[in-house]
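Novice: Next come the chains, spelled out residue by residue.
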Amino acid sequence: MLGHELELAVRSFKRNRMLTLLMVLAIALGIGAAMTTLTVYATLAADPLPGRSHQLYAVHLDPQDGDDYLPGEEPPDQLTRFDAEALLRDKRADRQALMTGGYVAIEPEQASLQPFRTEARFTSADFFAMFGTPFLAGNGWSAADDDARARVAVLSHSLATKLFGNADAVGRSVRIGGADFRVVGVMAPWRAVPHFYDLYFGKYAEAENVFVPFSTSRELKLERAGNLNCWGSQRARDETSLEAKCVWIQYWVQLDGAAKVAAYRRYLDDYSAQQKAAGRFQRPPNARLYDVMSFLRVQEVVPEDVRLQVWLAFGFLAVCLLNTVGLLLAKCLRRSPEIGVRRALGASRRRIFLQFLVEAGVIGLAGGALGLLVALVGLWGVRHNGQAFGPLVSLDLPMLGLNFVIALVASLTAGLLPAWRACEVMPALQLKSQ
Amino acid sequence: MDIRPILSTLRRHKTAAALMILEIAITCAIVCNAVFLIADRIERVNFPSGVAEHELVEIRMGNVSTRTDAKARIAQDLDMLRRIPGVNAVTLVSQVPFGNQSRAGSVNLRPDQPKQSLNAAFWSASEGFLSTTGVRLIAGRDFTAEEIQDYDDLFRTGDTPNVPVLIVTRRTAEKLFPGQDPLGKTIYIWTTPSRIIGVVEELARPNNLVRQPYSILLPARHNLGAGYYLLRTASADRDRARIAAIDALLKADRDRVVIRQNNLDDVRREYFRQDLAMAWLLVAVSVALLVVTALGIVGLASFWVQQRTATIGIRRALGATREQIVRYFQTENFVLSSAGILIGMAGAYAINRLLMPHYELPALPLVYLPVGALVLWALGQVAVLGPALRAAALPPVAVMRLR
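Order-wise, the sequence lines are chains A and B. So for the first sequence, this note's numbering puts the first residue at 1; every next one is plus one. So for the second sequence, this note's numbering puts the first residue at 1001; every next one is plus one.
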């Protein structure tokens, strides 16, 4: 049905090769830039745990002193050790875990391997079930292990392979921070993107290699890492002690359903009020519960630069499209005589309109195809830019579809005005002036 | 040159003219802000560190298990590192410029101030800190050996830390005591008073570089956890010295691992890598925008020339010179560009307002107005020159014969 229009389009392109090339190139650059930035944005703003994240909530309390209190202020986004351990004891959520990042030294059994340091997470039993971490062998530890400060560890797949080769690591012993731990589970490769449960450990960090009970990590004084924020004039000698006025622990809960969320909110307010009555808190209850996606929004996890790049790319695409509209318009006005002849020979306004839209659409598709190449080059650049999230960025199928949707929509929009102008041409006037 | 015929022609091509104006406006708005952002990034990337960057090596060791002999270990390490060939000076610091760890805190002018005067990085500066790092003392004096304490002793349990003397950076002094001599003045970190005895030129902190570029030197021997050994060597000797140092450190004590080892040049490069990448990206987008806009002008002008062949022919036949034809198209472009620039400048300021809170940017300086306008005018004139010359080259007779 569009055969004749396509043929006309090709003929028109051939008459203005340079101009056609220019329009295709401009659209390709615009689309390529837009797709590159959108892909990066989509990767960085992704849901780290699809299907689970809406049930998971970050818990924030406000234990700070009263002197520079501003009502309605966001409370700190981490808890004190005292509060985290108290909430964990109460176990009022469906699942809950306290956690902090850290580094541990590992001394391999094999003499061929030097001792090395690696990222660790000190957490509690529910971490694995709550976040749905996949296991290759074994499992997480139990709440009883937390209470007993058991020397148990879960290893990442890569660390287990490094230490024990292909042999089953579960049940083996590993020396962590100068103490012997029993491996209870080996995780399958897993990575939450973003690293939502502890943004201070790197917004797009890889999952840790070693997981051990928080209680055990405190007993052994393993090296914690991440953000630690203290207040008050008295500096605690041990900033990680129970009584220290320092926040440094992340606390996540799983709540199934709105009723439980409301109940948990009440519980947090009651807890804050209790602590205030006891003199530990000075401010009015100011507890917050954020589900994963709200938490990532509040924390502004997507870098400002990435947002800016998206705007910049779409601004650039807009200029490229304006350019195309202008050129198509000029081209169509110059072809008024030709349109007049077609109309006189019986082509309806609809056909003329279609003719110019098809022309714009073909330019758009060609621009889209070339733009895809530009985007692939752009993404290659992003991957090799040395950022933590670099390797995660890739063009997936939906994005590929979006590429051509944007190309087509953009070029057809650009083609509307010239096409409209074209079908308004008066055949009689044009024929007379020839 | 009479502008009226131009305006009346443009009025007959309202849509095309409006599109051209809009394109120039958006380009102008984006490019102005992009250039401003580039300037901001370049300023960041060139932020002075205050240390002898090209002659320093950082090494950070971590212990495998918890240890009790940290102090003795550090003393032995320093002594050993000093004897490595090519190493001129060694010190242990709590943080390095553009590094990944920071110790910082609030600085006040009164002990019970509700809101801090500023936030500064606290550097442990023991014997040899200035000579090793190359930080330049510009007023007052260095700490004496008697003044320097162990970092531990600053934090005896229950006590508030007591630091009687301090050295501050020039920026810190200017912020705390604008226009005054900072020497001898008293400031409060924690709640005890400290007297400023010296001012150093610059010392870039690892974080908060732009918002709070303040640093304070404490007379302390760093002995908490893992510090950074800084080695000063001749530029050419750095790699050799680093390898030898690590070898020696591991040989002296097997119960530890290397956490970080870098030449300070690389630390800076890594720190600003994103800023540099973003600056280049902005350059690329700006250039692409200008090129696309210029090509758009060329394209549209070419079509107008073709479309107006008859008009040009008549004008030429009626005695218009080639220069007048060229000037006609140039003036037309000037009118379009001016309209675009006017709208674009308003847009540039609007975008600037939107960006300011997110990037800690100041308002767009006024100098961007004339410079941006000149660039876009020039771009338009260059772009239109080709089509205009082609129009002027049309022989009047050939043109007339077309009819």
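Honestly, the hints are just simulated from the structure, not real lab data. Be a bit skeptical, because a hint or two may be false.
As the list claims (entries may be wrong) - Covered, in the sense of this in silico footprint (three residues per stretch, anywhere, with C-beta under 8 Å from a C-beta of chain A), are these stretches of chain B:
| hint | segment |
| --- | --- |
| 1 | 1018-1025 |
| 2 | 1274-1281 |
| 3 | 1298-1310 |
To be verified - Output of the computed footprint for chain B on chain A, the stretches with three or more beta carbons under 8 Å from beta carbons of chain B:
| hint | segment |
| --- | --- |
| 4 | 112-125 |
| 5 | 311-321 |
Since this is a predicted model, take the numbers as computed values, not measurements. C-beta: ideal position from N, C-alpha, C; glycine also.
Novice: Okay, which hints does this one fail, numbers in order?
Specialist: none
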